[in-house]
Amino acid sequence: MSASAQLAPAAAPTRPGSSHPPAATPKRRRRGSAATWGWSILAIVVALIWVFPVYWMVNSSMLSSATLESFTPTFLPFGGSFANYRGVIDGSFFGALGISLSVTIIAVFFCLLFAFLASVAISRFRFRGRTTFVLAILIIQMLPAEGLFIAQYKMMSELGLLSNVFGLSLLYIAAVVPFTVWMLRGFVTGVPAELEEAAMVDGLSRTQAFMRITLPLLAPGLVASGVFAFLQCWNEFTVALVIMNAENQTLPLWLRGFVQQSSSRAIDWGEVMAASTIVAIPVIVFFVIVQGRMTSGLVAGAVKG
Amino acid sequence: MAVPAPTTIERDHRTDESVGSRRRSPVPLFLLIPAIAILLFGMGYPVVWQVITSFQKYGALQQLGGKAPDFVGLDNYIAVATSPTFWEVAVRSVIFCLVTALITVVIGMALALLMTRVHAGVRITLQIALLLAWAMPVVAAMTVWIWLFDRRRGVVNYLLDLIPGVDMNQFNWIGGEPFVFFIVASIIVTWMSVPFVAFSAYAGLTQVSTEMVEASQLDGATGWQRLRFIVLPIIRPVIMIVLLLNLIWDLRVFTQITMLQDAGSNSSDYDLLGTYIYKMGVAGLNFGQGAAMAIFVLALTIVLSWFYIRSLLKEDQV
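In the order they appear, the protein sequences are chains B and H. All the letters of the first sequence, read from the start, carry residue numbers 1 to 305 under our numbering. All the letters of the second sequence, read from the start, carry residue numbers 1001 to 1318 under our numbering.
Mixed in with the good hints there might be a few duds.
[Stated by the list, open to error] Just some of the chain H residues that point at chain B, by a computed CB distance under 8 Å:
1) Leu1098
2) Ala1135
3) Arg1252
4) Ala1291
[Unchecked claim] Below, a sample of chain B positions facing chain H; criterion: calculated Cβ distance under 8 Å:
5) Thr36
6) Ser40
7) Pro53
8) Ser60
9) Phe82
10) Ala83
11) Tyr85
12) Ala121
13) Phe127
14) Pro144
15) Leu204
16) Leu217
17) Phe237
18) Arg256
19) Gln260
20) Gln291
Don't read these hints as lab results, they were simulated from the structure. These numbers come from a predicted model, not from an experiment. The C-beta atom is built at its ideal place from N, Cα and C for all residues, glycine as well.
I would like the entire structure built from these sequences, with the hints used as guidance.
In structure tokens, the structure reads:
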């Protein structure tokens, strides 16, 4: 939101299909207000449609299964019961949470470290092979997991790392490093090398200058890239499905388990929605925080979808 | 780039000059070693393995019996290319990808234009709604949509039933006709991808100068002409990039299709390339043919990505 707000210098509403004489232009805003209201109503309707599934998830999660059994849906938030949440937070949830947390923390830590070093190399130095590396990064980040998972499965099974937190983390680091390098590179370039050089003139070594001057200025960039890497690992489904078995599931696989059961027996949608809400809420919070930095980063270097 | 990236070309040039003296230093290569090592492990080796395996007979026998895989030349590729199921799935994937990406970009563009025409409060409301949809983790979004399209008590059937003369009672969206299944998949993927397009296009639209639009208005341009000849040419690069990205992303809708199949049917009539490769390679243990198909997907992605990367490099010097 922040980025779009910054980027929006109050776009003047222009009326469609108006071919009025110049005199009309200064009063355009007021005279165009009827059309503006029409567009506004349309915009509100679109907003409601887009937000409805999110609303429906939270709303259903608080309704009792008896209410959900009814053929007339309950649209207003009449729920307020957390029984469904108590129903899904059990041993299997904490197991999956633990695995998701370990994998994500390991992956984000090493991904940030490796990507940071690489981004310093490509934005602070000019060397032979630099352009090749940047091109390789861009191409690698486009490679789909669907095109690689057979080989990754075989590789992990030969290394004895199938269903292993460490093995999954390794694959996640490799998958997320390219985008993180690309995103951090922008931040590192944004800190002028002159600042560092001035500090070196004042007697600091290059490493000291980097640690004391550049690194603190990069902190926001590191946080944003870190949150972003976190979101990608936390939400990842495909590689986790291929590598992990039923006893060692990450949260997305755990959540999928609810839908899988639906083919064999009637499922309690209230519980499924409670489980979805638990998985989604932290992601939504983090996402909204970093979104501003991301819209710019996204177009500049694509993300695995 | 219409959306200001964290870097600018001017800055890059400045850095260029100031670091010229470090040209021969070995330091950057050391800094790159960890990143290159993990990429070779996680991405490089799998790609090479896959290329080699695609020329081998590598099935359950080799996997379980420890039999060394034989090189069989192009046999896997021929088997894949002569399999009618593969072509059905491939054509279906490409059509799904084209249709969904086009619809996504058109709706995203329309919403971006809409944002420029409404009051600030309404615009922010719309942006928050889009942001929430964008932030939803794919798996959570899928469970909600499956619930919305639920045959018995889903809201979609309930609402459609309210329309007089429409009988959608118990209509089976996910487990019935494959065509309907893919319409549902397309709706869900569009819902997920429109916010990114709308935000990018809106950022592009704010770069269109008001003066230019007003000048054209003075010259008597109609609303459509202003859009066609002034606004669209300016935001064309953004549109091209988001279109390419959506094409690439919509080729890999593995999660969405897998979860819809969980709720519906597992038959290959409902497969796109990702799920088909998974069933062939990982679940069916036919690594050779699975690898050959995966190479096809990789090649398709790299061709599409190449255009994207070229436009990216044109905008932002690396």
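| said: Interface hint check: H/Ala1135, Cβ to nearest Cβ on chain B, cutoff 8 Å. Holds or violated? | reply: This hint holds: H/Ala1135 lies near chain B, its Cβ roughly 4 Å from the closest one there, short of 8 Å.
| Are B/Phe82 and chain H close enough, Cβ to Cβ, to be under 8 Å, as the hint says? | violated, 18 Å
| field | B/Pro144 as chain H interface residue, shortest Cβ-Cβ below 8 Å | value | holds, 4 Å
| task | Under 8 Å, Cβ to Cβ, is where B/Ala121 needs to be relative to chain H, so tell me if that hint holds or is violated. | result | holds, 4 Å
| message | Hint validation: H/Leu1098 versus chain B, beta carbon distance must be below 8 Å. Holds or violated? | response | violated, 16 Å
| Restraint outcome when B/Gln260 is required to lie within 8 Å of chain H by C-beta distance | With a minimum Cβ separation of about 5 Å from chain H (threshold 8 Å), the hint on B/Gln260 holds.
| field | Given hint B/Gln291 near chain H, where the shortest CB pair must fall under 8 Å | value | holds, 6 Å
| query | Given B/Ser40 as an interface hint, is the shortest Cβ-Cβ distance to chain H below 8 Å? | reply | Cβ of B/Ser40 sits 4 Å from chain H, so the hint holds.
| request: With chain H as the partner, please determine if B/Pro53 meets the hint condition of a C-beta pair closer than 8 Å. | output: Result: holds, 5 Å to nearest chain H Cβ.
| query | Are B/Tyr85 and chain H close enough, Cβ to Cβ, to be under 8 Å, as the hint says? | reply | violated, 14 Å
| message | Let's test the interface hint: is any C-beta of chain B closer than 8 Å to that of H/Arg1252? | response | Holds. Min distance 4 Å.
| At a threshold of 8 Å, is the proposed contact between B/Phe237 and chain H supported by beta-carbon distances? | Holds, about 4 Å.
Violated hints for the displayed structure, listed by number in ascending order: 1, 9, 10, 11, 15, 16.
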